[in-house]
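Visitor: Sequences and hints are given; from them, build the entire structure.
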Amino acid sequence: MSDDSFREFVVARGPGLTRMAALLCRDRAEAEDLVQDTLASAYAGWRRIEATASPEAYVRRMLVNRHVSWWRRHRGRVESRAVVPDVATPDPTDGAALADAVRGVLAILPPKQRAAVVLRYYADYSDAQIAEALGCTQATVRSQISRALAALREPLALTEIGRTERTRT
Amino acid sequence: MNVEDLVRERLHQAAEQIPPIADLPASAVEQGRRRRALRRAAVMGGVAMAVAVSGGAVALVHNGGGSRSVIRVSTAPPTHCPNDGAKGGAPWWDAWADTRQQGRIDSSLVAAASRYWYGVSKPPEPLCVYAGGTTPDGSTWIMYTASHAPHLMQWLQGLDGLDIDGHYEQTAVPDRTWSAFLAESVAGPHELWQEHRWLIIVGKPGTTQIDYSDDGSTWRPLQTHDGIAVAYVAQDRPPAASRIRLHDKQGVYAEGTPPGADT
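Residue numbers (our numbering), protein chains in the order written: chain A, 1 to 169; chain B, 1 to 263.
For the record, the hints were derived by calculation from the structure and aren't laboratory data. This one's a predicted model, so the numbers in the text were calculated from it and none came from an experiment. Take the hints with a grain of salt, since some may be wrong.
If we take Cβ atoms under 10 Å as the criterion, some of the chain A residues that face chain B in the derived model are [to be verified]: (1) Leu17; (2) Trp46; (3) Val102; (4) Ile108; (5) Val117; (6) Arg147.
Among the chain B residues that face chain A by a calculated CB cut under 7 Å, a handful are [said to hold, decoys possible]: (7) Val3; (8) Ile18; (9) Gly32.
We put the CB at the ideal spot given by N, CA and C, even for glycine.
Guide: The structure is reproduced here in C-alpha cells:
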C-alpha cells in the first residue's frame, strides 16, 4: 500500500471531488463529510482502485453512490423544499455569493434530481452513466432531468437577469 | 441562453468558488488507516453453506450431486464455486451443505459485488455466495468468494442494491470454522465513527447457538438462525474485551475475538 500515491491522488483530485460534493449536498459541512468519508473508503481499497483505468472516475462513482445512500437513509428526514425559495441576486464580482445562489437554487430539487443534474451538467456523465450511478433506468434519468430543468428554469433565469443587470450598472 | 447551457454554466461557476478542504490528504489517510485497520481485524472463521449464484429467478434447487441447495438470483453473475460440480477444492468447501440465509439476499447487491473490483467497464465477475441476509435496520449483506481470488473470503454490505462500501476480505483457510463481519448501521446519523454496528456471525454447518460477550465473561445468547446470528454493538466497534462463542450439538466448538475489537 502506497500512502504516497494516495496522497498524490488526494492532492490532485481532492479539490475536484470537493467541488462535486458541494454541488450534490445541501451544505458545506455535509459535503466535507461526504468527501472525507469517500476518501477514507478509497484509502482502504486504494490498491485495487489505483489499478483501475481511471482512479478518479472510480472514486467519483464512490462519492455519488455514497451520497445517494445517505439521502436514501435519511429520506424520511430530508425533505426537499416544496416551494421555490427567494433567490438572492448574486453580485457578479462576488463569486462566493454566486456559488451560494446556485446552490440555493439546486436545493429546491429532490436529492436524486439534484444528483442527476450535477452529474449531467457538471460531470458530463451520459444517461447510462447516471443511471448506473443512481441505480435507475436511463428513462428515469431523462425524466428526472427534464423535471429538474423545468424547476430550475425560472430561478436560474433570475440569477442570470440579476447578473446581467448588475453587469450593466 | 437555453436552460441547459445556463445550468451548465452556473454549476461550473459555482464549483469554481468552492474552497478546498484544509489538510484533506492527511485527514483522508488518517481516517482511511482507521477504517482499514477495522476491516483487517474482521475475524474470518469457518464457512457455511452452499448458496451458489447463477442466472434465473430466486429459487431453491438441488444439483445432481446430492442435497446441496443453491440460490439462483436474477441479474446475478455466473456461478464460480469450487464445490459446484467438480469436488476437490479446499477441504472446507465440502463442509458447506445447507443454505445459509437470514432475511432476503439482494440480487442487486450480488450483481454489485460481481463488479466491485472491476467497475462497470468489464463483464460481471463470477462469484460464489455462501451466506447473505438483511440487517435489522434494512441493509443487506453477502459473504462470498470471487473468481479472481477464490482464496479470499469477502463480505459486502449494501442498501437498496447499492454497494455502500462495507467490504472486507480475508484469506480463507481450511480450518476456519466461523466468520464475522461488522456492518455499518444505516439507521443512525452518518458521522461514520459515531454510529453503532451490527456484528454478523456465520458459524460452520451444525452451529446451534452463538453467544456474544461485551466483557469476555458475561455471555449473551444471540438469536441464531441457520448458523447465523446478529449482535447489536452500541458503538463504532466491539469493546476490546468482547468475545464470540459458538456451539454445536457437542458444546462450544470455537471462541474468538469479534472484528474490530482488537484495533
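Visitor: The structure should be examined with respect to each hint, and the outcome stated for every one.
Guide: Okay, the hints, checked on the actual structure:
With a least beta-carbon distance of about 9 Å to chain B, the hint placing A:Leu17 at the interface is held under the 10 Å criterion. Taking 10 Å as the C-beta contact cut-off toward chain B, the hint placing A:Trp46 at the interface holds, the least distance being around 8 Å. The beta carbon of A:Val102 comes within 4 Å of a beta carbon in chain B, closer than 10 Å, and the hint placing it at the interface holds. Taken as an interface hint, A:Ile108 does not check out: its beta carbon lies about 13 Å from the nearest beta carbon of chain B, beyond 10 Å.
Of the supplied interface hints, the one on A:Val117 holds, with its beta-carbon coming within about 6 Å of a beta-carbon of chain B, less than 10 Å. For A:Arg147, the suggested interface contact is broken, since its CB lies about 12 Å from the closest CB of chain B, more than 10 Å. The beta carbon of B:Val3 is positioned within 7 Å of a beta carbon in chain A (closest approach about 5 Å), and the interface hint is therefore held. Taken as an interface hint, B:Ile18 checks out: its beta carbon lies about 4 Å from the nearest beta carbon of chain A, inside 7 Å.
Contact between B:Gly32 and chain A, as hinted, is supported at the beta carbon level, the nearest pair being about 2 Å apart and thus within 7 Å.
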